Each structure stands twice: as structure tokens, then as C-alpha cells.
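Enquirer: One-letter residues, chain by chain:
Number of protein chains: 2
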Amino acid sequence: MTDTSRPASDFDDLFRASLIRLFQLRRDVRHFQTKPVPMDLLKKLVRAAKLAPSVGLSEPWRLISVESDHLRKQIVDEYVAANQQASELYSGDTKGLYQSLKLAGLKEAPVHFAVFADAEPAQGKGLGRQTMPESLEYSVVAAIQNFWLAARAEGVGVGWVSIFRPERVTAILQCPPSWRLVAYLCVGYPVEEHETPELERLGWENRDNAQDAWQVR
Amino acid sequence: MTDTSRPASDFDDLFRASLIRLFQLRRDVRHFQTKPVPMDLLKKLVRAAKLAPSVGLSEPWRLISVESDHLRKQIVDEYVAANQQASELYSGDTKGLYQSLKLAGLKEAPVHFAVFADAEPAQGKGLGRQTMPESLEYSVVAAIQNFWLAARAEGVGVGWVSIFRPERVTAILQCPPSWRLVAYLCVGYPVEEHETPELERLGWENRDNAQDAWQVR
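Which chain is which? The protein sequence lines are A and B, in order. If you read the first sequence in our numbering, its first letter stands for residue 1321, the second for the next number, and so on. If you read the second sequence in our numbering, its first letter stands for residue 1321, the second for the next number, and so on.
This is chain A alone, in the form it adopts within the complex (with noise of 0.2 angstroms):
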């Protein structure tokens, strides 16, 4: 790409009114239909996810498609002892309901991406992350954040399980140990499409009314 300077209006009215529809119809999807998604799509939106930000240019983004029947049943088992413990956490009403929701979509999501951020890049020397390593699985985040509205504009759906223990999948998946696991993705064409999250539809938890607040100092 040639390096000019540019006008500050690339971007319309219009596409500015469905980046927000898109932000707001972007959901966590944990219900998916079985058929592929083209590899053709799923490299695009692989390379929308690359171009993120990343602290002092260091890409520190590694993803593994997780393909083989034998791994994918050790992440569902690794997925179903991390979520029983988590159960634990709960009682009465509340644990009923925690047990009745639907928390990963492993065994239908035709496509898993495990996201790793590898804690010691070469490239980007160490710029910008003496003082906060985080800033490192910071800009995988930023990655997957692309990654999941390019995927929604396609109609394709993402749903990030957390409900692992990372060290555990690391181990799985046979990554360097400098590798650390930012997010489970299941990827697929989404079951149904809806408005609002599936926590709140279900009565988990309700979005926060404040939505353009801030505070000062």
C-alpha cells in the first residue's frame, strides 16, 4: 500500500449507521449449524483480524485450527470439568439456571480457532510493553474483536468460550510454553440471529442503562 496523506472522510453517513447496526447485532453465538464455512471466508477474516492494532507492532497473535477429532474431544472433556467446578460457584435458583444455559458451542461449530498471544515476541523489540506485559494479549484481543464483526458482516457467528483452564489447553494443543490462551473461538453459521444477548433473552443478566456514561476527573 502507498503511504499517503488522507482526508479525514473516507467513511459515509451511511456506512457509519451499519458499523453501529453491526456492533449491535454482533452476539456471542453458542448455537450453530454443522455446515462449513468456505476457506476462502475464513482466511478473509483472518486477515481482518491481523489487521489490528498490536503494541510496538509485534503481532503477537498465533492461532491453531483445532481439526482433529481426537484434540477436539479432549477440549470438549477439558471444557466440561472446567464448567462443573464453575458450577460449584452457584446454588438454588441460580445454579438451576447456570446448568440450563448453553455455554459453548463445541460440538457443532464446524470451525475452532484457539487464540494464543506469545508472550515474548521478537518482532516489535519490546516496545511499549515493559510496564504492561498485558498489553501483549491486549492486542490479540483487538484481533479477535476484528475478526468477530468481519465474521457478523458475513453472517457467519463467533462464540469465545472461556470456560477452560488455559494452561490445560496449551497443553492439548502441544504450544510453546511462551504461548499463553486468550480465547476458545467456535466458529459456524449461527442457528438464529437475535438482538439482544442470549444471557439476557435467558434472564441471566441485564445490559447496564448507562450507556454513554463516563466519569471526570
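Some clues are possibly wrong.
Remember, identical chains collapse to one label, so a pair may be satisfied in a single copy or spanning two.
Straight-line alpha carbon distances no greater than 27 angstroms define the calculated DSSO-like cross-link-like pairs of lysine-lysine that follow [to be verified]:
no., residue 1, residue 2
1, Lys1364, Lys1415
2, Lys1427, Lys1364
3, Lys1355, Lys1422
4, Lys1422, Lys1445
5, Lys1363, Lys1393
6, Lys1415, Lys1445
Read the hints as simulated data drawn from the structure, not as lab findings. None of the values given here were measured: they were computed from a predicted structure.
Following the hints, put chain B in place on chain A, whose structure we already have.
Expert: Frame of chain A; chain B shown alone:
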């Protein structure tokens, strides 16, 4: 919003192409004009941020607009101290290049947002964050990425400064101890727009070419 089931094709090819263009044009800005950003526009960007996913619908983002000259001076002093420390890591040509980089726009940017994650939010009832509590900070990063993209679509620049000792910033801004600094954002109209990251233009680092690569297991 009503909760209707929706078709997958809410977005068209033109929007999708513009979205990729937005990802490409989003820069980490260091050179700001001092002219103010309208309040209505800031509110719109914050609403966009808060449409991000959050673990267990916990919405742990906490935003502080840093406005007083007194506090801004303390923030700049903290940045200078942390940056001095960081520059000691380099030597020779790399040190000279490091010291020539403009790594913050703290003095010019009209808007400063310190963005925190509440590590103990009541909202969300702990769901999804037992084994990976860092998913709270990750939710805040997703909100920042929404903010960043929405800002760029409006011609507003964002610069993420991570060269701070986070607990020092929390203390300067007198935030509750459960709040963890995720990012310090400089926000304003950029002096110029570029297609390539400043760190690449100035010879610090290049982007990796494997933009659609991943590993398979």
C-alpha cells in the same frame, strides 16, 4: 430493541468492503490537532464501545475522562518516568531510534480517556470468568476496539498509550482498588492520515507477511 430472529444478510458487499477498509485505515495516532471533539460525537463513540461483548454480560468497562490540568500533568510526568526506564533497555542505533519516536500525544490530544476493568463486578454473577479472570480485561479491550473503529469512521484518531505503571495511574486518578488500568487513550483529530503504521514508516518494525496464516492441529 425487539428480539426478532433475523436473516444472515443484514450487510451487503459494499459495507463489507468498507469495513475492511476501516480496519486498514485505523491507526494508532500520536500526532493530534488540539481542536475539541464535540460532546455528542464522544457520547456516540462511548455508546459504540459499550456494545462490545463482555464475559457473562458483566460490562466491566469503567471510563474516566481526565480533564484537569493538574491531573494531566501528573499523567505526563508518569509517562516520562516510565518511558525513561523503558529506553534503558535499548542501546546503540536502536536506542537512538527509540528516543526519536513520538510514543504519545498526551500534550496535544484534547480528550484523554483512562479505561479500566473492574476486577470485581457484581454484574454477570461471575459467569465465564472463574478459570480465566483476565476475560474481564479482555472485555474492556473489545470495547476499546469498537471505540477505535467507530472513531476512525468519524475521522477521529485514537492513540493507545501503554507506557505507564498501571497502579500509578490508578492512584493518580483515585480509582477504586478493584479497577485495573487497561488503556490510556488519547483522542482527537489527527494531524494527518496514513495507511501504514508509524512504527513501520519510521523503520522500527515491519508487519509480518503471513496475513492469512494459521496452524492446524
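Enquirer: Each hint should be assessed against the structure and marked as holding or not.
Expert: Each hint, compared with the structure:
1. Lys1364 to Lys1415: neither (40 angstroms within a copy, 37 angstroms between copies)
2. Lys1427 to Lys1364: Intra 24 angstroms, inter 38 angstroms, cutoff 27 angstroms: intra-copy only.
3. Lys1355 to Lys1422: This pair counts as within: shortest intra-copy Cα distance 20 angstroms, inter-copy 48 angstroms.
4. Lys1422 to Lys1445: So Lys1422 and Lys1445 pass the 27 angstroms test across copies only (16 angstroms; inside, 42 angstroms).
5. Lys1363 to Lys1393: within (25 angstroms within a copy, 45 angstroms between copies)
6. Lys1415 to Lys1445: between (47 angstroms within a copy, 11 angstroms between copies)
Hint 1 from the earlier list is the only one contradicted by this structure; the remaining hints agree with it.
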